[in-house]
Amino acid sequence: MTYVILVAFVVQASVGASLAVTWWHGGRRGVPTVSTHMAASTLGLGLWIAFVVTGNLVPAWSAFAAITVGNTYGDKMLLARVHRQTGSTSKRRNYPVAVAAIFRGRMPRRVAFHALFAGVVYFSCLGVCIASTVAAT
Numbered sequence: 849m850t851y852v853i854l855v856a857f858v859v860q861a862s863v864g865a866s867l868a869v870t871w872w873h874g875g876r877r878g879v880p881t882v883s884t885h886m887a888a889s890t891l892g893l894g895l896w897i898a899f900v901v902t903g904n905l906v907p908a909w910s911a912f913a914a915i916t917v918g919n920t921y922g923d924k925m926l927l928a929r930v931h932r933q934t935g936s937t938s939k940r941r942n943y944p945v946a947v948a949a950i951f952r953g954r955m956p957r958r959v960a961f962h963a964l965f966a967g968v969v970y971f972s973c974l975g976v977c978i979a980s981t982v983a984a985t
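Numbering (the working numbering), first residue to last: 849 to 985.
Check before you lean on any hint, since a few could be wrong.
What the hints assert, rightly or not - Label-pair ranges, simulated between beta-carbon atoms: (1) Tyr-851 to Ala-948: 31 to 37 Å; (2) Thr-902 to Val-859: 18 to 24 Å; (3) Ile-897 to Trp-871: 22 to 28 Å; (4) Ser-938 to Ile-978: 32 to 38 Å; (5) Val-901 to Val-859: 18 to 24 Å; (6) Arg-954 to Thr-981: 38 to 44 Å; (7) Gln-933 to Thr-870: 14 to 20 Å; (8) Phe-951 to Ala-898: 20 to 26 Å; (9) Gln-933 to Thr-902: 24 to 30 Å; (10) Pro-880 to Ser-936: 19 to 25 Å; (11) Ala-984 to Leu-964: 18 to 24 Å; (12) Val-900 to Arg-952: 19 to 25 Å; (13) Arg-952 to Trp-871: 20 to 26 Å; (14) Val-906 to Phe-961: 29 to 35 Å.
Note that these hints are calculated values from the structure, not bench results. Predicted model, so just to flag it, every value in this text is computed and none were measured. All C-beta atoms in this analysis are idealised placements derived from N, C-alpha and C, irrespective of residue type, glycine included.
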């Protein structure tokens with residue numbers, strides 16, 4: 849399963865990289881939210897690779913922590929997109945609006961895929977971290 853998650857991580861990172869390139873081509877640079885999202889997610893991928901190679905649980909749990917940070921900033925970007933469209937700053941209101949926009953096809957496909965697939969990577973990573981920890985004890 850660790851290799852399946854590694855492949856999922858790489859797919860997610862590839863889509864994220866394509867979104868970043870589009871973002872940069874649009875003339876945008878240096879936004880801390882985007883930079884932090886990319887850095888934390890890239891760190892998570894690197895740590896997951898270290899886990900796959902070594903079998904050590906420290907990089908596995910560290911990868912999970914890193915993608916928790918990355919996903920938090922990813923959610924922040926998704927909510928900012930909804931805020932720009934609705935004017936509402938309520939996270940309680942905007943999160944369901946963002947999810948509905950994804951499922952109604954109102955988000956660009958790559959953004960929607962990246963947002964949804966983040967959960968696949970995240971919860972799969974958590975499951976393997978827990979299972980590996982239980983197996984090691």
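Verification of the hints:
no. : hint                           : verdict
1   : Tyr-851 to Ala-948: 31 to 37 Å : holds, 34 Å
2   : Thr-902 to Val-859: 18 to 24 Å : holds, 23 Å
3   : Ile-897 to Trp-871: 22 to 28 Å : holds, 25 Å
4   : Ser-938 to Ile-978: 32 to 38 Å : holds, 33 Å
5   : Val-901 to Val-859: 18 to 24 Å : holds, 19 Å
6   : Arg-954 to Thr-981: 38 to 44 Å : holds, 40 Å
7   : Gln-933 to Thr-870: 14 to 20 Å : holds, 18 Å
8   : Phe-951 to Ala-898: 20 to 26 Å : violated, 35 Å
9   : Gln-933 to Thr-902: 24 to 30 Å : violated, 44 Å
10  : Pro-880 to Ser-936: 19 to 25 Å : holds, 22 Å
11  : Ala-984 to Leu-964: 18 to 24 Å : violated, 31 Å
12  : Val-900 to Arg-952: 19 to 25 Å : violated, 37 Å
13  : Arg-952 to Trp-871: 20 to 26 Å : holds, 23 Å
14  : Val-906 to Phe-961: 29 to 35 Å : holds, 31 Å
Of the numbered hints given earlier, the model fails hints 8, 9, 11 and 12; all others are met.
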